[in-house]
Amino acid sequence: MQLSGGEILIECLKREGVEFIFGYPGGAVLHIYDALFRMQDDGAPRHILVRHEQGATHAADGYARATGKPGVVLVTSGPGVTNAVTGIATAYMDSIPMVVISGQVPSSVIGSDAFQEVDATGITRPCVKHNFLVKRVEDIAPTVKKAFHIATTGRPGPVLVDITKDATDPRVKIPFEYPETISLRSYKPAEAGHPGQIKRAVELLLAAKRPMIYTGGGVVLGEGSEPLRALVRRLGYPITSTLMGLGAYPATDRQFLGMLGMHGTYEANMAMHECDVLFAVGARFDDRVTGNLEHFCPYAKIIHIDIDPSSISKNVKVDVPIVGPVKRVLEQMLEQLDKTRRKPDEKALAAWWQQIEEWKKVDCLHYDRDSKKIKPQAVIEALYRITEGRAYVTSDVGQHQMWAAQFYKFDEPRRWINSGGLGTMGFGLPAAMGVQLAHPDATVVCITGEGSIQMCIQELSTCLQYRLPVKIVSLNNRYLGMVRQWQEMFYEGRYSMSYMDALPDFVKLAEAYGHVGLRVEDPKDLEKTLQDAFAMKDRLVFLDVITDPTENVYPMIAQGKGHHEMHLAPEERELA
Amino acid sequence: MLDRTRDRLPAGRFGPTLPRGIDKGKHMRHVIAVLLENEAGALSRVANLFSARGYNIEALSVAPTDDETVSRMTIVTQGTDEIIEQITKQLNKLIDVIRVIDLTESAHIEREMMLVKVAVPREENGRLGQLVEIFRGHVIDVAGDTYTIELTGTGTKLDAFVDNLQGYDLIEVVRSGPLAIARGGRALRV
Ligand SMILES: Cc1ncc(C[n+]2csc(CCOP(=O)(O)OP(=O)(O)O)c2C)c(N)n1
Ligand SMILES: [Mg+2]
Numbered sequence: 370m371q372l373s374g375g376e377i378l379i380e381c382l383k384r385e386g387v388e389f390i391f392g393y394p395g396g397a398v399l400h401i402y403d404a405l406f407r408m409q410d411d412g413a414p415r416h417i418l419v420r421h422e423q424g425a426t427h428a429a430d431g432y433a434r435a436t437g438k439p440g441v442v443l444v445t446s447g448p449g450v451t452n453a454v455t456g457i458a459t460a461y462m463d464s465i466p467m468v469v470i471s472g473q474v475p476s477s478v479i480g481s482d483a484f485q486e487v488d489a490t491g492i493t494r495p496c497v498k499h500n501f502l503v504k505r506v507e508d509i510a511p512t513v514k515k516a517f518h519i520a521t522t523g524r525p526g527p528v529l530v531d532i533t534k535d536a537t538d539p540r541v542k543i544p545f546e547y548p549e550t551i552s553l554r555s556y557k558p559a560e561a562g563h564p565g566q567i568k569r570a571v572e573l574l575l576a577a578k579r580p581m582i583y584t585g586g587g588v589v590l591g592e593g594s595e596p597l598r599a600l601v602r603r604l605g606y607p608i609t610s611t612l613m614g615l616g617a618y619p620a621t622d623r624q625f626l627g628m629l630g631m632h633g634t635y636e637a638n639m640a641m642h643e644c645d646v647l648f649a650v651g652a653r654f655d656d657r658v659t660g661n662l663e664h665f666c667p668y669a670k671i672i673h674i675d676i677d678p679s680s681i682s683k684n685v686k687v688d689v690p691i692v693g694p695v696k697r698v699l700e701q702m703l704e705q706l707d708k709t710r711r712k713p714d715e716k717a718l719a720a721w722w723q724q725i726e727e728w729k730k731v732d733c734l735h736y737d738r739d740s741k742k743i744k745p746q747a748v749i750e751a752l753y754r755i756t757e758g759r760a761y762v763t764s765d766v767g768q769h770q771m772w773a774a775q776f777y778k779f780d781e782p783r784r785w786i787n788s789g790g791l792g793t794m795g796f797g798l799p800a801a802m803g804v805q806l807a808h809p810d811a812t813v814v815c816i817t818g819e820g821s822i823q824m825c826i827q828e829l830s831t832c833l834q835y836r837l838p839v840k841i842v843s844l845n846n847r848y849l850g851m852v853r854q855w856q857e858m859f860y861e862g863r864y865s866m867s868y869m870d871a872l873p874d875f876v877k878l879a880e881a882y883g884h885v886g887l888r889v890e891d892p893k894d895l896e897k898t899l900q901d902a903f904a905m906k907d908r909l910v911f912l913d914v915i916t917d918p919t920e921n922v923y924p925m926i927a928q929g930k931g932h933h934e935m936h937l938a939p940e941e942r943e944l945a
Numbered sequence: 419m420l421d422r423t424r425d426r427l428p429a430g431r432f433g434p435t436l437p438r439g440i441d442k443g444k445h446m447r448h449v450i451a452v453l454l455e456n457e458a459g460a461l462s463r464v465a466n467l468f469s470a471r472g473y474n475i476e477a478l479s480v481a482p483t484d485d486e487t488v489s490r491m492t493i494v495t496q497g498t499d500e501i502i503e504q505i506t507k508q509l510n511k512l513i514d515v516i517r518v519i520d521l522t523e524s525a526h527i528e529r530e531m532m533l534v535k536v537a538v539p540r541e542e543n544g545r546l547g548q549l550v551e552i553f554r555g556h557v558i559d560v561a562g563d564t565y566t567i568e569l570t571g572t573g574t575k576l577d578a579f580v581d582n583l584q585g586y587d588l589i590e591v592v593r594s595g596p597l598a599i600a601r602g603g604r605a606l607r608v
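Chains C and V, in that order, are what the protein sequence lines are. What the first sequence shows, in our numbering, is residues 370 to 945, in sequence order. What the second sequence shows, in our numbering, is residues 419 to 608, in sequence order.
This is chain C alone, in the form it adopts within the complex (with noise of 0.2 angstroms):
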């Protein structure tokens, strides 16, 4: 089969099993769009038409964090890679598979500032997995093959390929084979955990009298949610989640403590401060996470699995370190608990259960109901209960993100997805086009600020384009709210730049891009207003939720404290 560059690159992408590609069209990559235009009724991949390259980047990884499949970008040179950055960045702080082909100038100018010319895989190199530079076109297949391997194993990552515009160019045909396997003699993941390793974390898991089990992104990224559930019911031992692991574990399970760290739960934050043992289960021991390191689980023996190396003992020091793959290794874990004779010390763990229900009994999310304002709690709340707590959820940043990850149970992984590592705002609407298009049939949520959503607010029209009926739910606080919480605690109150002012009307913004805008500001008229909202189930929906400008996030911890120097709502402040 003779095929130019731009048709290997479709037909690679095909060979991929991609389903879509998220991109925009420029100079540099013609021969490419032309080729997609020539192959579409030839099983190319769907490419969906984003507003900025940034959407293209988010949607992208909207799609790969709802599927576990790499997401897929097409931009051109110059303002389409740097448009890009911003998503690629997220990407990779998260640990996201994302393979972004970006066009680059002719080889034979490159390094001489021609049009639209970047030193992509310079831009690029310290926010990407990988990156590539191609400049002939009998390097395309084998490099765009790498590029899928290196995204999707291991740690995943985005991987970036810039292909100069004479390396698509039509009239060179060359002869096509796809390479069926890939091997690099410099890049070897590991395939399980080391078998004394286990043995050693096993026998430790085991002595806890105050065992403490913290979960991370790593765990939906690896598909180590099975295991993870059999292994915790099996020891009978208290769970906590960082923001990014949400849903890897069920939050209804009475074992599950709730999020930890900045904004997690009394409880978690407590147990992980008590603890004896803390298991780190695909957790990268984050700042917004473990709070001040000089106070991180001061009693602790430490068990850390992560794919990555270079994860382990970074931050801080772990006693018994497991590199291998999530899954693999709990599985390993629970052969090795079949094998040993002893059991968790059952009167021990009794009384750690009870410690922890009289940390509960704070009732750290405890906000007011009976306001005549409409709390962003309560309104996350209802969303819950609306969609039965089965929709996908993406999220912008902000306190509205908080209080997302907070109220919303999150009982299957892949369903949450938010910007844990970058906190993008403008990722929620982008992504929430990802989810909808890899499940056309779900119900898929984006929860953002007046502040986030104004970040990606171009992509409406792409909602409109390919009908996706998202259902945005917008806590309008008129605030940049996250910011001003934190200027009213540690500022004085100085709210510089915080206040949103000369808002748009969201409703009539949702109209104006052909979509349906529905305004509520009392709290009786929450549910029904709701409740109509995602009765459209074939129309975007632009929900703009005038909240409480005055509500905080809590508990918090501030910076620079301990798991056990929490901050509760005020008018908690006496309780327990």
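Incorrect hints may have been included.
Unchecked claim - Computed list of lysine-lysine pairs in DSSO-like fashion (alpha-carbon distance at most 30 angstroms, straight line):
1. C:K514 - V:K507
2. V:K507 - C:K686
3. V:K511 - C:K683
4. C:K515 - V:K511
Keep in mind that the hints were calculated from the coordinates and are not lab data.
Position chain V with the ligands against the provided structure of chain C, taking the given hints into account.
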């Protein structure tokens, strides 16, 4: 605002607390050898890693090996044991990196090369000649009063030679940065 804080736990409620965080131990010099794919961008990935993560590079040398698809890099850096562990892990994580070892973990040999250009008055070139001989160097170029000397050895030997040139007009000093190899039969190969 801090009155909202409830520190309910007296320190050490369960006995001694375990120290956390990365050790603030002593910074030591380490020589790390890296084999990497001889590909465009590989060097800059390594350099990027050091600057992005705030590790310092004292010296770096790189060239292709007997296998032309592989380059070998020698990096001299400073750090606590934990930092060095992170450096080697982060290096290993780079897709282009094939193997990494910290040569300072066991017996090894280091050699560095230096070229020195120095102006010496005619009446003193005898002394210069002696010095070059003592340090087992070579004069590799002469132009009028200007001598160019080649010298190989450990970093301290090169430093000592430069110190001995005090008083002369030192025009230019070029150093390669150390190369290093393990003693005995051990080898770093693909
Ligand atoms: C791109 C980007 N710029 C700035 C920030 C810093 N930031 C974090 S939260 C926040 C406020 C978000 O406001 P809004 O979307 O209205 O959410 P709210 O906190 O009010 O719920 C800002 C500015 C960010 N996370 N991302
Ligand atoms: Mg807001």
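Measure nothing beyond the straight line between the CA atoms of K507 of chain V and K686 of chain C; if it is 30 angstroms or shorter, mark the hint as holding. Judged against 30 angstroms, a Cα distance of about 15 angstroms means the pair holds.
Given pair status - K511 of chain V, K515 of chain C, alpha carbons within 30 angstroms: holds, 16 angstroms
Straight-line alpha-carbon gap K511 of chain V to K683 of chain C, limit 30 angstroms: Between K511 of chain V and K683 of chain C the Cα gap is close to 14 angstroms, so the pair holds against 30 angstroms.
What's the verdict on K514 of chain C and K507 of chain V, does the C-alpha distance respect the 30 angstroms limit or exceed it? holds, 25 angstroms
Hint violations for this structure: none, all hints satisfied.
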